[in-house]
Amino acid sequence: MRNVVVKDAGAAVEGIQDGNAVMMGGFGGAGLPLGVVRAVLDTGVRNLTLISNNAGSTEDDLSLWFEAKIVRKIVCSYPRAAKQFAEQYRAGTVELELVPQGTLVERIRAGGAGLGGFLSPVGVGTVFADGKQKIVVGDREFILELPLRADYSFVKGHLADTLGNVTYNKTARNHCAVMATAGRTVAVEVDRVVEPGELDPEAIVTPCIFVDRVFARSPR
Amino acid sequence: MRNVVVKDAGAAVEGIQDGNAVMMGGFGGAGLPLGVVRAVLDTGVRNLTLISNNAGSTEDDLSLWFEAKIVRKIVCSYPRAAKQFAEQYRAGTVELELVPQGTLVERIRAGGAGLGGFLSPVGVGTVFADGKQKIVVGDREFILELPLRADYSFVKGHLADTLGNVTYNKTARNHCAVMATAGRTVAVEVDRVVEPGELDPEAIVTPCIFVDRVFARSPR
Amino acid sequence: MIPLSRDALARMVALHLPSEGFVNLGIGAPTHVADFLPTESGVILHSENGILNVGPKPAVGQEDWDLINAGKMPISLRTGGSYFDSSLSFAMMRGGHLDVAVLGAFQVSKDGDLANWSTGDNGSPPGIGGAIDLAVGAKSIWVMMDHTTKEGQPRIVERCVYPLTARNVVTRIFTNLTIIDIVEDGLAVRALLEGLSIEALQEVTDSPIHALGAPRIIRQDGSVV
Amino acid sequence: MIPLSRDALARMVALHLPSEGFVNLGIGAPTHVADFLPTESGVILHSENGILNVGPKPAVGQEDWDLINAGKMPISLRTGGSYFDSSLSFAMMRGGHLDVAVLGAFQVSKDGDLANWSTGDNGSPPGIGGAIDLAVGAKSIWVMMDHTTKEGQPRIVERCVYPLTARNVVTRIFTNLTIIDIVEDGLAVRALLEGLSIEALQEVTDSPIHALGAPRIIRQDGSVV
Numbered sequence: 001m002r003n004v005v006v007k008d009a010g011a012a013v014e015g016i017q018d019g020n021a022v023m024m025g026g027f028g029g030a031g032l033p034l035g036v037v038r039a040v041l042d043t044g045v046r047n048l049t050l051i052s053n054n055a056g057s058t059e060d061d062l063s064l065w066f067e068a069k070i071v072r073k074i075v076c077s078y079p080r081a082a083k084q085f086a087e088q089y090r091a092g093t094v095e096l097e098l099v100p101q102g103t104l105v106e107r108i109r110a111g112g113a114g115l116g117g118f119l120s121p122v123g124v125g126t127v128f129a130d131g132k133q134k135i136v137v138g139d140r141e142f143i144l145e146l147p148l149r150a151d152y153s154f155v156k157g158h159l160a161d162t163l164g165n166v167t168y169n170k171t172a173r174n175h176c177a178v179m180a181t182a183g184r185t186v187a188v189e190v191d192r193v194v195e196p197g198e199l200d201p202e203a204i205v206t207p208c209i210f211v212d213r214v215f216a217r218s219p220r
Numbered sequence: 001m002r003n004v005v006v007k008d009a010g011a012a013v014e015g016i017q018d019g020n021a022v023m024m025g026g027f028g029g030a031g032l033p034l035g036v037v038r039a040v041l042d043t044g045v046r047n048l049t050l051i052s053n054n055a056g057s058t059e060d061d062l063s064l065w066f067e068a069k070i071v072r073k074i075v076c077s078y079p080r081a082a083k084q085f086a087e088q089y090r091a092g093t094v095e096l097e098l099v100p101q102g103t104l105v106e107r108i109r110a111g112g113a114g115l116g117g118f119l120s121p122v123g124v125g126t127v128f129a130d131g132k133q134k135i136v137v138g139d140r141e142f143i144l145e146l147p148l149r150a151d152y153s154f155v156k157g158h159l160a161d162t163l164g165n166v167t168y169n170k171t172a173r174n175h176c177a178v179m180a181t182a183g184r185t186v187a188v189e190v191d192r193v194v195e196p197g198e199l200d201p202e203a204i205v206t207p208c209i210f211v212d213r214v215f216a217r218s219p220r
Numbered sequence: 001m002i003p004l005s006r007d008a009l010a011r012m013v014a015l016h017l018p019s020e021g022f023v024n025l026g027i028g029a030p031t032h033v034a035d036f037l038p039t040e041s042g043v044i045l046h047s048e049n050g051i052l053n054v055g056p057k058p059a060v061g062q063e064d065w066d067l068i069n070a071g072k073m074p075i076s077l078r079t080g081g082s083y084f085d086s087s088l089s090f091a092m093m094r095g096g097h098l099d100v101a102v103l104g105a106f107q108v109s110k111d112g113d114l115a116n117w118s119t120g121d122n123g124s125p126p127g128i129g130g131a132i133d134l135a136v137g138a139k140s141i142w143v144m145m146d147h148t149t150k151e152g153q154p155r156i157v158e159r160c161v162y163p164l165t166a167r168n169v170v171t172r173i174f175t176n177l178t179i180i181d182i183v184e185d186g187l188a189v190r191a192l193l194e195g196l197s198i199e200a201l202q203e204v205t206d207s208p209i210h211a212l213g214a215p216r217i218i219r220q221d222g223s224v225v
Numbered sequence: 001m002i003p004l005s006r007d008a009l010a011r012m013v014a015l016h017l018p019s020e021g022f023v024n025l026g027i028g029a030p031t032h033v034a035d036f037l038p039t040e041s042g043v044i045l046h047s048e049n050g051i052l053n054v055g056p057k058p059a060v061g062q063e064d065w066d067l068i069n070a071g072k073m074p075i076s077l078r079t080g081g082s083y084f085d086s087s088l089s090f091a092m093m094r095g096g097h098l099d100v101a102v103l104g105a106f107q108v109s110k111d112g113d114l115a116n117w118s119t120g121d122n123g124s125p126p127g128i129g130g131a132i133d134l135a136v137g138a139k140s141i142w143v144m145m146d147h148t149t150k151e152g153q154p155r156i157v158e159r160c161v162y163p164l165t166a167r168n169v170v171t172r173i174f175t176n177l178t179i180i181d182i183v184e185d186g187l188a189v190r191a192l193l194e195g196l197s198i199e200a201l202q203e204v205t206d207s208p209i210h211a212l213g214a215p216r217i218i219r220q221d222g223s224v225v
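For the record, the sequence lines run as chains A, B, C and D.
The first sequence begins at 1 in full-length UniProt numbering and counts up by one.
The second sequence begins at 1 in full-length UniProt numbering and counts up by one.
The third sequence begins at 1 in full-length UniProt numbering and counts up by one.
The fourth sequence begins at 1 in full-length UniProt numbering and counts up by one.
For the record, the hints were derived by calculation from the structure and aren't laboratory data.
Check each hint, because a few of them may be wrong.
What the hints assert, rightly or not - If you want the footprint, here are the derived chain C segments under chain A, 3+ residues with CB under 8 Å: (1) 36 to 50; (2) 119 to 131; (3) 159 to 171; (4) 184 to 197; (5) 210 to 219.
As the list claims (entries may be wrong) - With the C-beta cut set under 10 Å, the calculated list includes, among others, these residues of chain B facing chain C: (6) A11; (7) G112; (8) D191; (9) V193.
Ideal placement from N, C-alpha and C gives every residue a C-beta, glycine not left out.
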């Protein structure tokens, strides 16, 4: 029977390469797979394109990636309050693609759902429309937003069964559920791995078809 | 405290008018709000635009609407095996807009999510592309599909609390969850109404913000 | 005449929210409105990171960092609340399902243009977050802000000079001096701080205002009579 | 030489499905493939109405009409299965998450064009359902069908005359006579029914075929040696 459990964060990030696009779940610390943050650092990869709602705070989080200068570009909605990122940004050593939060998650969803893009009312008449195709439907103008996919999606779940079905905890679900549909390799850091049948089939948020690797977070 | 419980199907369809667009949940009989089917008939409304995956079988279902000739147009993915509909269709008294199933649900989602449309790879190079705008992204051609909304969305849930939070039963979830986001008035027929707090906050599929009316199905 | 305190302004907004309405309180000052909602209001609060029916912040030591609001502060879930992913959360916002979004602002124009995400300072990284989705999608967009900048410059202007969040979206502005509705024929003053005249308000407002009937009186505690 | 029975054809397809793969079996004959899946295959079946890990049909009298497949027939859920709404279900399909979709067909062209939803008969209402989404989205599109129509006309053709479902998507065809891969240089015969020659197969195939190495032999029970 299918079993996607791997032993640790190191195994979860196996294969990651320089220049990869990487989605990291989370809104603030909720939903951020912290073990993965460190494991990616340990691989020594560089020049990543990071797709994430935030750019870290000054804590033990994505700030480590900016401190280590392994991110070439970040696609992000709210990189404020991120000290290490801000330094890189001011120094011009990291590229920022600023995307409204709802547009960010919808672009990721489009990537995972095989759509070529979508027409958004968000950003019309603002700098967020710059350089994007405008499409008028009826008497209303929209912006064509394009899908996002990644080489790796790393998210934080609550429970996963060995098949790879995942639930989340409270507001830690945020971008994780959508990112889990849009990575070529999807790895989920969870609080606990359970047996198939232990999760309520009505309450599984990410069905196992989307998940390639699961590992249990180490106690801190 | 908010309470959206109404006494029966008749109250759930109150206000429906000639010429309205109506979404009906369900794939086959699963998810079809049967009490609503009859209650709409009882109102005597006509010239409805029906948005539904199917057009009824020969049973006690949407076929009744075609028998009563209250549907002017149906937007549908699979109206086969629908005897009463087929008669109307051959007689030319009902208009059919045939939409691939995934495109149908995605158009409804776009309606509920405030998008102006989406770029679909489905139907490219087929009759399903006829009359639709083509948009090329990179080297790939897509069809611009437009959102669907309705005056009323009627779906079948399993449990609802008095606030209007809804869960579904097994594969009866199908189009219901998405249709519940895209009606100006959304009414849900459920097996049972429960108190707030009885539904697991992690397992609520349709949060109450989308729901205007809830009623418990009468025992048959 | 002392401008409203932050608490009083928050109370004034809270008292205006529609009973049993679905409301998103933007990060910053708007979040503070929650503290002044009468329990009988039945208002249901949404936070864009994926929660409906946000409850008060937990007691010190009881924080759950998987249960936070859009300002990344610990909250609680009220009975009957639910969790969902960001795509459904933003579908609620962009799809017009929220009754009211209360947002902070740097500037609002007489046409309801909103500038609340950037002052154009290129020194620090910009951040847009979800404010722009709210501004486009909620049925009513209310702004709450100080009437002027710290330097005394008007924030209600003919035309925003800061980068826009959205055009023609704001319908009502609550400031520490007034409540103004943006209507067809301009800026209509619905309520005025006790002791303040329309003429005095006009002096700190960079676009013509007019009274909507006899403006109601805002008391120092934020109640309106 | 007797063409494969429906059961044998279904068994032949079942034996080729990738171990532990995610598979959608289209309505009609493909659904029947499930009955021949070895339990150790670990194949996980998807049905587009919103279920992953479809199990066998329940015993008579145990049917739950809220638990059906895309053919609207009662099924069961295997341990570790899940339910979800149609938008997520079609995201799985269109987004390339399924390893294989097995579909019936009226015609398949040498370029992998698929015609499986309409014979152009205008007398009865058309129906497209979810077959088109599968045809566009799954990583591999396999067709299973009788090699010819009841009247003996080839179904594998130079160019489909029936309305297309999708262009250039089919990669493998299982018929009651053969297994053919659609590759760069045309129709490559991977396996042939015992006793059938390439030349005889060519006679009932409306597009040039060629052998891929030495084609394997299909036995009457659908096993391939």
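Test coverage of the segment 119 to 131 of chain C by chain A using CB-CB distances below 8 Å; three residues minimum.
Holds: 8 residues of the segment 119 to 131 of chain C have a Cβ under 8 Å from chain A.
So is the segment 159 to 171 of chain C in contact with chain A by the C-beta rule, three or more residues under 8 Å, or is the coverage claim wrong?
With 5 residues in contact (Cβ-Cβ under 8 Å with chain A), the coverage given for the segment 159 to 171 of chain C holds.
Have a go at the V193 of chain B hint: is there a Cβ in chain C nearer than 10 Å to its own Cβ?
Cβ of V193 of chain B sits 13 Å from chain C, so the hint is violated.
Tell me if the interface restraint on G112 of chain B is satisfied: Cβ within less than 10 Å of some Cβ in chain C.
Cβ of G112 of chain B sits 5 Å from chain C, so the hint holds.
Using C-beta distances, would you say chain A covers the segment 36 to 50 of chain C, given that this needs three or more residues below 8 Å?
This one holds; 4 residues, not fewer than the three required, reach chain A with a Cβ under 8 Å.
Outcome, coverage hint (the segment 184 to 197 of chain C, chain A; C-beta under 8 Å; three residues):
violated (count 0)
Hint validity - D191 of chain B Cβ closer than 10 Å to any chain C Cβ:
Because about 19 Å separates D191 of chain B from the closest Cβ in chain C, which is outside the 10 Å limit, the hint is violated.
Coverage criterion applied to the segment 210 to 219 of chain C (partner chain A; beta-carbon cut 8 Å; 3 residues):
As far as the segment 210 to 219 of chain C goes, the hint is violated, because 0 residues have Cβ atoms under 8 Å from chain A.
Have a go at the A11 of chain B hint: is there a Cβ in chain C nearer than 10 Å to its own Cβ?
This hint is violated: A11 of chain B lies away from chain C, its Cβ roughly 19 Å from the closest one there, beyond 10 Å.
In summary, the numbered hints that this structure violates are 4, 5, 6, 8, 9.
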